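S.K.: Sequence:
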Amino acid sequence: MPGPRELDPSESMLALFGSELREHRSRARLSQENLGEVLGYTGSLVGQIETGRRTPTREFAERLDGALETGGIFSKLWPHITRGQFPGFFKSYAELEPRACQMLEYGGELIPGLGQTEGYMRAVFEAGLPLAPPETIEEKVAARLGRQELLRGPTRPLLWWLLAENAIRRPVGGFGTMADQLGHLVDLVRSRKVVIQVLETSRGAHALLEGSMTLMSFADGIPDTGYVEAPHAGVLIEHPDTVRELRLSYDLARADALSPEASLNLVEKVAKEHQHHADEHRAEPG
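Here the UniProt record's numbering is used: the first residue of the sequence shown is 1, the next is one more, and so on.
Treat the hints loosely; a few may be bogus.
To be verified - Below are the BS3-like pairs computed for lysine-lysine, each with C-alpha atoms no more than 27 Å apart in a straight line:
1. Lys91 x Lys193
2. Lys91 x Lys76
3. Lys193 x Lys269
4. Lys193 x Lys272
Claimed, not checked - Cβ-Cβ distance ranges computed for the label pairs, FRET-style:
5. Asn265 x Gly40: 33 to 43 Å
6. Thr155 x Arg190: 18 to 28 Å
7. Leu131 x Ser31: 28 to 38 Å
8. His276 x Pro223: 29 to 39 Å
9. His239 x Ala28: 50 to 60 Å
10. Pro79 x His281: 29 to 39 Å
11. Asp220 x Lys269: 16 to 26 Å
12. Thr201 x Arg27: 55 to 65 Å
13. Glu126 x Ser44: 12 to 22 Å
14. Arg29 x Arg247: 56 to 66 Å
15. Arg99 x Ala255: 21 to 31 Å
16. Ile73 x Thr201: 22 to 32 Å
Worth flagging that the hints you see were computed from the coordinates, not collected in a lab. Since the structure is predicted, the reported quantities are computational estimates derived from the model, not experimental observations. Even for Gly, the Cβ is constructed at its ideal location relative to N, Cα and C.
Just need the whole structure built from these sequences, with the hints factored in.
M.R.: Dropping the structure here:
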């Protein structure tokens, strides 16, 4: 039986986290199962994080520090896992995002990244990067989860998302994963962290049909800034005239969308449909 996969801590922050976890666990003379029981997780998850195949959450890091009495090393490492993993074209946007007081977004075929569940985003990355090793996928998941920290802060921005109907109906990751994703989206709306409006397919063409975009506004003097993205590429838009054109396109598309209340009702309805399909698949013999 092969031994545990060896990590090179210099490869990435995710590898360093896993290496430190293995070292501290061994020093405490705990098996993966023993440590998992102490933390309230499975031993399998501990093993996957040790080998860089799963991304630790902030809560996992904090529980590690408490259980292993590390003085906070894992909580200090965790934010660095989520930084530096963005593609070059996205880094300028990622630096501005935490400073925004308002963000208007249309994600095209996808749920916006700030609202994605871990299972959904992993499915997106695996589909878009079919040749990437598991470590690369996990680093990208970690980076996106790190961005979501701004939703938990006391001064989180106003988020307004336009969603193509296909973005809520396509079973990304499977029906169960999609049901969980839409359930999470409903929770975000009900906790007043985001406003959503759905653009029904039956509306036909709309002003944002050609791509995805985000418009950011700031309270500290930074001019409104836009961002448009395609697979493996993205452009930050700062010219005032172009930003105004993006805003007009967004407003026109928003006028074609369902109301926030009707949109929430539709998302809840589609979530139940996905869950029904997931239950049917589980019930099938074989």
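S.K.: Between the beta carbons of threonine 155 and arginine 190, is the distance compatible with 18 to 28 Å?
M.R.: 20 Å, holds
S.K.: Does the beta carbon distance between arginine 29 and arginine 247 stay inside 56 to 66 Å, or does it fall outside?
M.R.: With Cβ atoms ~60 Å apart, the hint holds.
S.K.: Do the Cβ positions of aspartate 220 and lysine 269 conform to the proposed distance bound of 16 to 26 Å?
M.R.: Roughly 40 Å apart at Cβ, these two residues miss the hinted range, so it is violated.
S.K.: Could you see if the CB distance from proline 79 to histidine 281 stays within 29 to 39 Å?
M.R.: Once the Cβ atoms are compared, 38 Å apart, the range 29 to 39 Å for histidine 281 and proline 79 holds.
S.K.: Between asparagine 265 and glycine 40, does the beta-carbon spacing fit 33 to 43 Å?
M.R.: 35 Å, holds
S.K.: Does the Cβ distance between histidine 276 and proline 223 fall inside 29 to 39 Å?
M.R.: Given range 29 to 39 Å: violated, Cβ gap about 47 Å.
S.K.: Lying within 21 to 31 Å: is that true of the beta-carbon distance arginine 99 to alanine 255?
M.R.: 28 Å, holds
S.K.: Does the structure keep lysine 91 and lysine 193 at a Cα separation of 27 Å or less?
M.R.: 24 Å, holds
S.K.: At the C-beta level, are threonine 201 and arginine 27 separated by a distance inside 55 to 65 Å?
M.R.: 57 Å, holds
S.K.: Note whether the CB distance of leucine 131 and serine 31 lies within 28 to 38 Å or breaks it.
M.R.: 34 Å, holds
S.K.: Please work out if lysine 193 and lysine 269 have their alpha carbons no farther apart than 27 Å.
M.R.: Holds, because 20 Å separates the two Cα atoms, which is no more than 27 Å.
S.K.: Compare the distance between the alpha carbons of lysine 91 and lysine 76 with 27 Å, and conclude whether the hinted pair is satisfied.
M.R.: Given that 27 Å is the threshold and the Cα spacing comes to 22 Å, the pair holds.
Of the numbered hints given earlier, the model fails hints 8, 11 and 16; all others are met.
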